[in-house]
Structures are given as structure tokens and as C-alpha cells.
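Fit chain B to the supplied structure of chain A, relying on the hints for placement.
As a plain string of letters, each chain reads:
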Amino acid sequence: MSGYHDIGGHAAGPIVKTELPFQHWEKQAEAIRNLLGDNSRRVVSLDEIRLGFESFGLEKYQAFSFYRRRLEALIDTLEKKGLITRSEFEQELSAVQSRWPLPDQEKR
Amino acid sequence: MSSLATTMNRVRFSVGDKAVVADLRKPGHVRTPDYLIGHTGEVIQFCGYFLNPEDLSIGRTSGPMVPLYRVQFRMETLWRAPQRHPDDRLCIEIYDHWLMPAIETGSDF
Numbered sequence: 046m047s048g049y050h051d052i053g054g055h056a057a058g059p060i061v062k063t064e065l066p067f068q069h070w071e072k073q074a075e076a077i078r079n080l081l082g083d084n085s086r087r088v089v090s091l092d093e094i095r096l097g098f099e100s101f102g103l104e105k106y107q108a109f110s111f112y113r114r115r116l117e118a119l120i121d122t123l124e125k126k127g128l129i130t131r132s133e134f135e136q137e138l139s140a141v142q143s144r145w146p147l148p149d150q151e152k153r
Numbered sequence: 038m039s040s041l042a043t044t045m046n047r048v049r050f051s052v053g054d055k056a057v058v059a060d061l062r063k064p065g066h067v068r069t070p071d072y073l074i075g076h077t078g079e080v081i082q083f084c085g086y087f088l089n090p091e092d093l094s095i096g097r098t099s100g101p102m103v104p105l106y107r108v109q110f111r112m113e114t115l116w117r118a119p120q121r122h123p124d125d126r127l128c129i130e131i132y133d134h135w136l137m138p139a140i141e142t143g144s145d146f
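Protein sequence lines, in the order shown, are assigned to chains A and B.
For what it's worth, my numbering labels the leading residue of the first sequence as 46, then goes sequentially.
For what it's worth, my numbering labels the leading residue of the second sequence as 38, then goes sequentially.
So here's chain A without its partners, still in its complex pose (with noise of 0.2 Å):
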């Protein structure tokens, strides 16, 4: 019944304690998903973000980090509202990257 992200109380075995470095563009990201979703634009809701990456199949979703599940899903429902392509993100994301090349460890 439930779906693959729902896994609370599962055996998952120890508990990884590996800390993660919050990366530039993951602040990005969530700063913009932020102002899509304030109550003055209500554009997207972090409940639709969800919703599309519990909606990813198990496989994709495992093969994503938390913050770019969120991206991924961010960029879908852009999409499905008809607000923006992917093409054009992916266009937008390679003029950005060809201005200000970002270091190694923080590519996407």
C-alpha cells in the first residue's frame, strides 16, 4: 500500500553518519523552490515536489541525492504547468555554467 519512500520503521541496517556538505547549488535550488512556493505566488508547493518524486520509480529515485530529487521534481512540475522546457532549463544551465564554470565537486 504504502510507496517505496515510505520506509519508516523498515531494517535498513546501521545508520550511515556520513555528513554531506550542503553544496552552492543545492541552496540554489531550494532558494528558488522557496520563492515558487511563498504564499504571495503559491507557483509550486514542496507537496507537488513531492509528489513527483514519490511518483519517480524506485529506481530513479534511489539514483538521485535528496536535493536533486527535489530539483528533478521542481523541473517536472515547471514543465507539466507549461512555465518552462527542460530544453530550455538544460539550454539556460549550459550558458550559466559557460559564464561561471563551476569547480569539480559541485557539478550536478
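Do not take every clue at face value.
Reference excerpt, derived from the structure (chain B facing chain A, CB under 8 Å, subset only) [what the hints assert, rightly or not]:
| # | residue |
| --- | --- |
| 1 | SER51 |
| 2 | HIS66 |
| 3 | ASP71 |
| 4 | TYR72 |
| 5 | GLY85 |
| 6 | LEU93 |
| 7 | SER94 |
| 8 | GLY96 |
| 9 | TRP116 |
| 10 | ALA118 |
FYI, nobody ran anything at the bench for these hints, they're computed from the structure.
Keep in mind that this is a model prediction, so the values were computed, not measured.
Every residue, glycine too, gets a C-beta built ideally from N, C-alpha and C.
Leaving out everything else, chain B in the frame of chain A:
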């Protein structure tokens, strides 16, 4: 919380009330974790009115606003196993429509 005018669902539970988490079998996005279904908790706080995340997940922002409560569950009954600290509780926010009044048995609290 929204400042827009919308319907507000009735507050059905008070602090101290015992409630059972309903098995609503809703498809789509829900905020109630599966491990709570069927368990009895105690309402410890009324958190206010919020738009239902199940509505928000499909782009509905017009309401109604639903009451949200903070509910505590005994870890021992939740996991059906003795805990290192027997008095440990899980305190979690649950929307009104996921709760049913519990028949008092005195077993959990």
C-alpha cells in the same frame, strides 16, 4: 498558514484526547507515515489550520484549511518491542482527517 479566505474544517480533538490513526488508503501524496496506521496516540497540542498537503500536491490551493495536531505515541507500542528508554515518545504532526476518536482501553497511556 494562508491569509486567504477559505473554509475551515472543525477542530474535532482537544489536548489530552486519545486518537487512532486511520487507514485511509489514499493514493498520491500523504504526510502520515505508514508505520502509524492503526496506532493510538494522545493529542498534546493544536498546531493551527493548514492547507491539506494532499490538495497542495495536486495544485489545489483553495482549501479547505484543516486542523493539524501534535500527537504523541509510545515508542514501545509503535515498534512492538521493548525500548532502551521505556518512556520515550514519538511526537508527530497529524492532520485532523487521519485521526479517529479512540475507544478508551487505558493500554497505551
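Hint-by-hint comparison with the structure:
Taken as an interface hint, SER51(B) does not check out: its beta carbon lies about 27 Å from the nearest beta carbon of chain A, beyond 8 Å. Proximity of HIS66(B) to chain A holds as hinted, the smallest CB-CB distance being about 4 Å (cut-off 8 Å). Proximity of ASP71(B) to chain A holds as hinted, the smallest CB-CB distance being about 4 Å (cut-off 8 Å). Interface hint status for TYR72(B): upheld, as the beta-carbon distance to the closest one in chain A is roughly 4 Å, under 8 Å.
A distance limit of 8 Å between C-beta atoms decides the matter here; for GLY85(B) the minimum to chain A is near 14 Å, and the interface restraint is violated. Restraint check, LEU93(B) versus chain A: the minimum CB separation of about 4 Å is within 8 Å; hint holds. Nearest Cβ of chain A to the Cβ of SER94(B): about 4 Å, under the 8 Å cut. The hint holds. Restraint check, GLY96(B) versus chain A: the minimum CB separation of about 6 Å is within 8 Å; hint holds.
The closest approach between the C-beta of TRP116(B) and any C-beta of chain A is roughly 7 Å, which is under the 8 Å cut-off, so the hint is satisfied. Hint status for ALA118(B): violated, given a least beta-carbon distance of 10 Å to chain A, over 8 Å.
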